[in-house]
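Q: Residue strings, one per chain:
2 protein chains.
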Amino acid sequence: MNAVLQYQAQRRPIPAGFLEALGAHFGDRFSTAHSVRDHHGRDESPYPPALPDGVVYAATTEEVAWVARHCNEHKVPLVAFGAGSSLEGHVLAVEGGISLDLTGMNRVVAVNAEDLTVTVQAGVTRKQLNAEIRDTGLFFPLDPGADATLGGMAATRASGTNAVRYGTMRENVMSLKVVTADGRIIQTAGRARKSSAGYDLTRLFVGSEGTLGIITEVTVRLYPQPEAVSAAVCNFPDLHSAVQSVIEIIQMGVPVARVEFMDLAAVKATNAYSKLSLHESPLLLFEFHGSPGGVREQAETVQEITSANGGMAFEWAEHPEDRSRLWAARHDAYFAGLHLRPGSRSSTTDVCVPISRLADCVLETAADLDRASFPYTILGHVGDGNFHVLMLLDPDNPLEWQESERINQSLVTRALQMQGTCTGEHGIGLHKMEFMLAEHGRDALDLMHAVKQAFDPNNILNPGKMIPPA
Amino acid sequence: MNAVLQYQAQRRPIPAGFLEALGAHFGDRFSTAHSVRDHHGRDESPYPPALPDGVVYAATTEEVAWVARHCNEHKVPLVAFGAGSSLEGHVLAVEGGISLDLTGMNRVVAVNAEDLTVTVQAGVTRKQLNAEIRDTGLFFPLDPGADATLGGMAATRASGTNAVRYGTMRENVMSLKVVTADGRIIQTAGRARKSSAGYDLTRLFVGSEGTLGIITEVTVRLYPQPEAVSAAVCNFPDLHSAVQSVIEIIQMGVPVARVEFMDLAAVKATNAYSKLSLHESPLLLFEFHGSPGGVREQAETVQEITSANGGMAFEWAEHPEDRSRLWAARHDAYFAGLHLRPGSRSSTTDVCVPISRLADCVLETAADLDRASFPYTILGHVGDGNFHVLMLLDPDNPLEWQESERINQSLVTRALQMQGTCTGEHGIGLHKMEFMLAEHGRDALDLMHAVKQAFDPNNILNPGKMIPPA
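Residue numbers (the UniProt record's numbering), protein chains in the order written: chain E, 1 to 470; chain A, 1 to 470.
These are calculated hints, taken from the structure and not from any lab test. These numbers were taken from a predicted model, which means no experiment stands behind them.
Here are the simulated DMTMM-like pairs of lysine to aspartate or glutamate, each with C-alpha atoms no more than 25 Å apart in a straight line:
| id | chain 1 | residue 1 | chain 2 | residue 2 |
| --- | --- | --- | --- | --- |
| 1 | E | 75 | A | 443 |
| 2 | A | 75 | E | 443 |
| 3 | A | 75 | E | 446 |
| 4 | A | 268 | A | 280 |
| 5 | E | 127 | E | 114 |
| 6 | E | 75 | A | 446 |
| 7 | E | 275 | E | 322 |
Label pairs and their computed distance ranges (CB to CB):
| id | chain 1 | residue 1 | chain 2 | residue 2 | range |
| --- | --- | --- | --- | --- | --- |
| 8 | E | 136 | A | 264 | 29 to 37 Å |
| 9 | E | 446 | A | 438 | 29 to 37 Å |
| 10 | E | 293 | A | 276 | 32 to 40 Å |
| 11 | E | 113 | A | 446 | 32 to 40 Å |
Note that the Cβ used here is the ideal one computed from N, Cα and C, for glycine as well.
All chains should be modelled from the sequences, with the hints used to inform the complete structure.
A: Now the structure itself:
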């Protein structure tokens with residue numbers, strides 16, 4: 001593991017008898033085996049693992065509350081664990097303590113098709129959810145690259161390729177069941193589409209990364225499966241013309257469902273990894289949802305814009321299976337990138353800027369990266385102004401990691417100067433804590449500290465993450 | 001004024017020299033004149049006025065911070081004041097103190113047309129905003145009945161007739177400038193369309209009703225003016241068939257921009273007050289936004305649904321001026337209702353329920369109301385599951401007020417049993433505090449208390465509102 005990305009944290013002592021009490025309560029759903037702890041001490045981030053002292057496999061909200069009370073009483077850290085697909089070190093037990101595995105809580109609790117809502121336990125994954133509701137004619141559009149759990153997606157305010165049309169978890173979570181640090185169980189809201197009744201606890205927990213409470217149930221909005229769907233690839237001579245096209249499409253208000261950017265390296269990596277034969281130049285992947293007439297109209301408008309910007313003719317993915325293959329490849333772009341450089345790890349950036357600044361931000365960043373000593377790819381949910389750089393690093397070469405950190409720091413500085421954010425959808429975790437002060441300022445950060453202190457006075461919930469020490 | 005709707009609150013003593021210091025600092029922008037205090041001690045709610053001890057007309061965020069520091073140091077209540085159009089008693093100075101009039105902060109700070117955002121000072125009203133940005137081809141869709149200020153709309157999480165398509169202030173506020181209780185100035189977010197960087201302070205202040213901070217600037221999303229707009233009226237034989245039509249339209253996913261319900265009494269009141277000649281039966285007002293083809297398609301789908309439910313043929317408002325007249329009449333429906341019973345005051349309900357329960361909720365409520373001794377009208381943003389009953393009461397008859405409170409209580413109980421909320425868009429203020437415990441439960445309410453305590457330990461910000469005493 002690289003020696004550059006480290007965390008400074010002290011493991012807290014575990015009081016005598018603490019682990020034994022968990023074992024007595026949970027039986028074989030509690031483990032201190034090294035292999036189990038190792039699995040729960042790592043994610044997709046490039047950090048060295050940080051193992052919890054024990055792992056509980058929870059089956060009910062009441063069990064989660066029991067664990068929270070037990071941990072809170074003894075001031076032992078408690079880290080919620082779902083798919084383990086974080087890129088930012090969210091689930092590492094940097095202060096030790098208990099990892100709470102919620103993947104066994106994977107039941108769809110209530111489908112309210114008439115209201116376009118569904119309530120699921122936190123461990124349900126996005127693919128499982130869509131499989132289980134397929135017959136209703138509804139779907140849940142949010143799709144981070146990984147098959148993440150709904151609980152994890154809510155906790156990191158995740159989004160994905162459909163957010164440009166359907167919004168992020170911020171807009172799509174209607175209500176949460178949450179266990180507080182001291183083991184109380186609350187429901188943050190009802191199921192009405194809007195409410196002005198009190199502080200927005202739902203959105204306070206969405207994006208709180210397990211630091212304010214443990215999410216055990218998630219109620220989200222669903223959408224009617226569109227009558228017509230079409231998808232197309234559009235190649236461009238360069239990065240600038242692709243990004244400029246997106247800016248114009250958004251400014252025109254075209255309700256495009258997906259518009260994803262891949263740079264040349266990402267296209268090559270995807271062709272190799274996913275056995276596609278995309279034309280090898282920077283490109284945009286589009287998907288249009290609507291009535292047959294509406295989809296046709298959107299596609300025509302978009303083609304006029306891309307063509308005026310030097311884009312090539314659309315290559316249509318006519319059949320559902322072609323579309324699935326295309327989007328599966330897009331979702332695998334992270335792994336495709338890693339394969340560009342066998343044995344590498346990726347340090348992945350996630351800035352998001354106002355769309356008017358997107359071209360500048362991407363171009364200046366690409367210029368920086370072209371001078372770097374390692375390969376990279378650029379992928380982007382560019383309709384939202386959000387893009388990722390995968391920097392493909394030799395895990396054993398500290399110089400590369402230092403270089404990548406410098407590039408990331410200057411990228412974030414650039415994004416913040418453009419009124420953007422250091423993270424559009426991956427969250428803060430460990431890796432972006434250093435940017436919180438620059439992004440929010442001392443006074444706003446102090447308010448976040450005050451919320452944390454009010455909700456979790458013993459600092460047991462995912463300690464050492466998100467909010468940097470004052 | 002009625003003797004039934006009262007507030008229990010103690011006026012706090014004003015320390016010697018406190019008002020004089022404000023006078024010295026603000027000159028003629030500070031007033032203790034009775035007429036000025038009276039204007040700032042009342043709103044559109046039926047409560048008797050509660051006068052502040054003095055009124056400051058703020059011109060800058062820094063001035064707001066100065067007032068906050070001064071009030072906080074002396075533990076004097078501070079109540080933000082905008083258009084004064086609250087229906088729930090939000091701006092009444094029930095514990096005395098200072099009313100902070102923000103209507104002079106009415107400047108559009110930055111139009112970022114390319115990013116579809118605008119930043120305004122808190123005192124800008126929705127109509128002023130749309131007038132000032134008209135030339136950009138963009139518009140801000142949210143339209144509470146009154147010409148409210150953007151600051152007030154953010155503070156109450158307001159919405160209006162367009163929310164079914166464009167969302168509420170929850171979805172449309174991108175960032176806020178806020179003065180904290182102790183006079184610090186924070187910006188809650190940048191201008192990126194999405195972010196996963198830390199707790200969602202923006203949405204914590206949206207809907208906080210002036211109890212957590214004073215909003216001085218608001219950045220909201222804008223939308224391209226639709227290429228085509230059409231509006232139509234559809235009459236129904238009864239309430240049930242109208243509401244059932246709406247449920248089916250929403251479940252089909254038709255992106256209707258507006259769908260408003262008026263019961264027979266509301267139609268009659270509107271014809272009389274706004275000099276219209278609407279056919280007098282329960283009706284729906286529709287508006288469709290999109291391309292010419294898209295609008296036609298939406299209208300056809302909706303007509304099929306309404307017609308299958310017994311709706312009459314659409315009456316189209318073809319010309320822009322006809323549409324403006326129709327929607328102006330809808331926005332005046334509150335005043336039209338009051339004119340049904342000259343000299344009356346309205347107690348206005350605001351429940352919102354999941355759409356599958358909307359017909360039941362409206363019908364059971366209408367049955368209750370038909371037994372009441374006073375006239376009423378029902379109006380609704382029914383696409384969101386939200387409707388208002390205007391109960392037109394004799395201000396001097398305590399029996400009517402008691403009766404209206406009983407009806408409102410059973411309406412809210414019904415809505416909560418349906419997983420709805422006591423307020424879809426008007427906020428809690430004074431009048432709905434009694435429902436907060438039933439809606440949220442003790443533990444969630446305790447978390448709200450904890451936030452309030454953390455942000456405003458001296459309880460100077462709009463005290464006596466929203467969160468009932470523990």
